[in-house]
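Trainee: Just so you know, the protein sequences line up as chains A, B, C and D, in that order. The first sequence runs 247 to 367 under the numbering used here. The second sequence runs 247 to 367 under the numbering used here. The third sequence runs 247 to 367 under the numbering used here. The fourth sequence runs 247 to 367 under the numbering used here.
Treat the hints with care, since some could be wrong.
If chains are identical, the list can't say which one is meant, so a pair holds when it fits in one copy or spans any two.
Stated by the list, open to error - Within a straight-line C-alpha distance of at most 27 Å, the following computed DSS-like cross-link-like pairs (lysine-lysine) qualify:
hint : residue 1 : residue 2
1    : Lys354    : Lys314
2    : Lys314    : Lys347
3    : Lys314    : Lys350
Derived from the structure by calculation, the hints contain no laboratory data.
4 protein chains.
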Amino acid sequence: MPSSTDAATTVAELRQLVADFVAERDWSQFHSPKNVSMALAIEAAELMEHFQWLTTEASRRIADDPAKLAEVADEIADVVGYSMALANELGIDISSAIRAKMIKNAHKYPADQFRGRYGDV
Amino acid sequence: MPSSTDAATTVAELRQLVADFVAERDWSQFHSPKNVSMALAIEAAELMEHFQWLTTEASRRIADDPAKLAEVADEIADVVGYSMALANELGIDISSAIRAKMIKNAHKYPADQFRGRYGDV
Amino acid sequence: MPSSTDAATTVAELRQLVADFVAERDWSQFHSPKNVSMALAIEAAELMEHFQWLTTEASRRIADDPAKLAEVADEIADVVGYSMALANELGIDISSAIRAKMIKNAHKYPADQFRGRYGDV
Amino acid sequence: MPSSTDAATTVAELRQLVADFVAERDWSQFHSPKNVSMALAIEAAELMEHFQWLTTEASRRIADDPAKLAEVADEIADVVGYSMALANELGIDISSAIRAKMIKNAHKYPADQFRGRYGDV
Chain A
247 MPSSTDAATT VAELRQLVAD FVAERDWSQF HSPKNVSMAL AIEAAELMEH
297 FQWLTTEASR RIADDPAKLA EVADEIADVV GYSMALANEL GIDISSAIRA
347 KMIKNAHKYP ADQFRGRYGD V
Chain B
247 MPSSTDAATT VAELRQLVAD FVAERDWSQF HSPKNVSMAL AIEAAELMEH
297 FQWLTTEASR RIADDPAKLA EVADEIADVV GYSMALANEL GIDISSAIRA
347 KMIKNAHKYP ADQFRGRYGD V
Chain C
247 MPSSTDAATT VAELRQLVAD FVAERDWSQF HSPKNVSMAL AIEAAELMEH
297 FQWLTTEASR RIADDPAKLA EVADEIADVV GYSMALANEL GIDISSAIRA
347 KMIKNAHKYP ADQFRGRYGD V
Chain D
247 MPSSTDAATT VAELRQLVAD FVAERDWSQF HSPKNVSMAL AIEAAELMEH
297 FQWLTTEASR RIADDPAKLA EVADEIADVV GYSMALANEL GIDISSAIRA
347 KMIKNAHKYP ADQFRGRYGD V
């Protein structure tokens, strides 16, 4: 269904989905930035749990296991969903934040100096 | 600048930004799902750090502090950026994942039963 | 039972309990520092989960709820247990590490300057 | 110095070190279980950061690098230190909690069935 893909979906549409879900349950009262940041970190840990005992190479093979991949997709949805819930509470534009951060990162890690190596290894 | 807002940006455009950044540095070799899930959890912790010693109420007032807000926006960018890097490595469509998860959540937390209360409180 | 209390138990005794558990299952092969650090972070998130939607004040009242307190004690056991598993793999003396860190912290946060306030608030 | 090793240090002695540090700064007011659980998760993430881009095998070689090992020991001290701060606030006996949890774990993962393999892999 083309209308549900990343190529055809704006960030604002996904944010609205999350905002509606929260509003319908009157959950904004629980969604202080402190609480949502905790929820986000907890979901990030649940995502990590899928890779915890695997070697780095074995973790790549998740891509070939549809059942595992669906579980991982679920956790990514939670992480991005809570990121949007937090942005909603604070009035942050995610696209601008990512664009600004990528520019900072490009200055910090110039492609010609960091090709094939991480700064901190 | 309208072209940089969430209303005018598709998820795919942001994913491409992240993919290009990784490709230009040949960093995909480090981006095993295991490693990226760790990076994501670390960024989620850095986001939490901004709210760590605040009361839940005080954490809402970050919205009125432009300097703090910019720092938080930076961390959200990192979290969503790594979520996209992970989705890129695994070939996961984020919009579909979020839509599917919101439907699951709506079944788990029917609005009429959970209005104003969390399931686990 | 006095023999099971913190006043009568050395750190080494607890480390030995953890080491025996790992050895009996031949799990040291999975206990690379990278993997154990992930396990530890995941348990820390599970601990946080108990306080996620509470206000800071309400979180103190867990102390009066024996059932909740037992769940929290379980999670603390996991966190400290994995910290010991990591120290076992790397040959780190925890008591020395804590004593050294407390001296550093005392220099960083002199009691007379930081009484009643955090450095970063 | 024998008196500073894990073999000669009770858990209660380390807890007292942490309790004194907190009391001298009147920081108990900030140490709600919610806040301390966040601090603990943040330190766990900082610990993970040392292993983030390494393969599982490379992470074992940290044991041979004294400078890196000292940094990791510092982070373990923070994690265990906050675990103790939380136990102090809630009146939890860590040794009893670990002994009880190890018994539960032994039932969940019988040595003869789980030798050389994890339950969830």
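Trainee: Okay, which hints does this one fail, numbers in order?
Mentor: none
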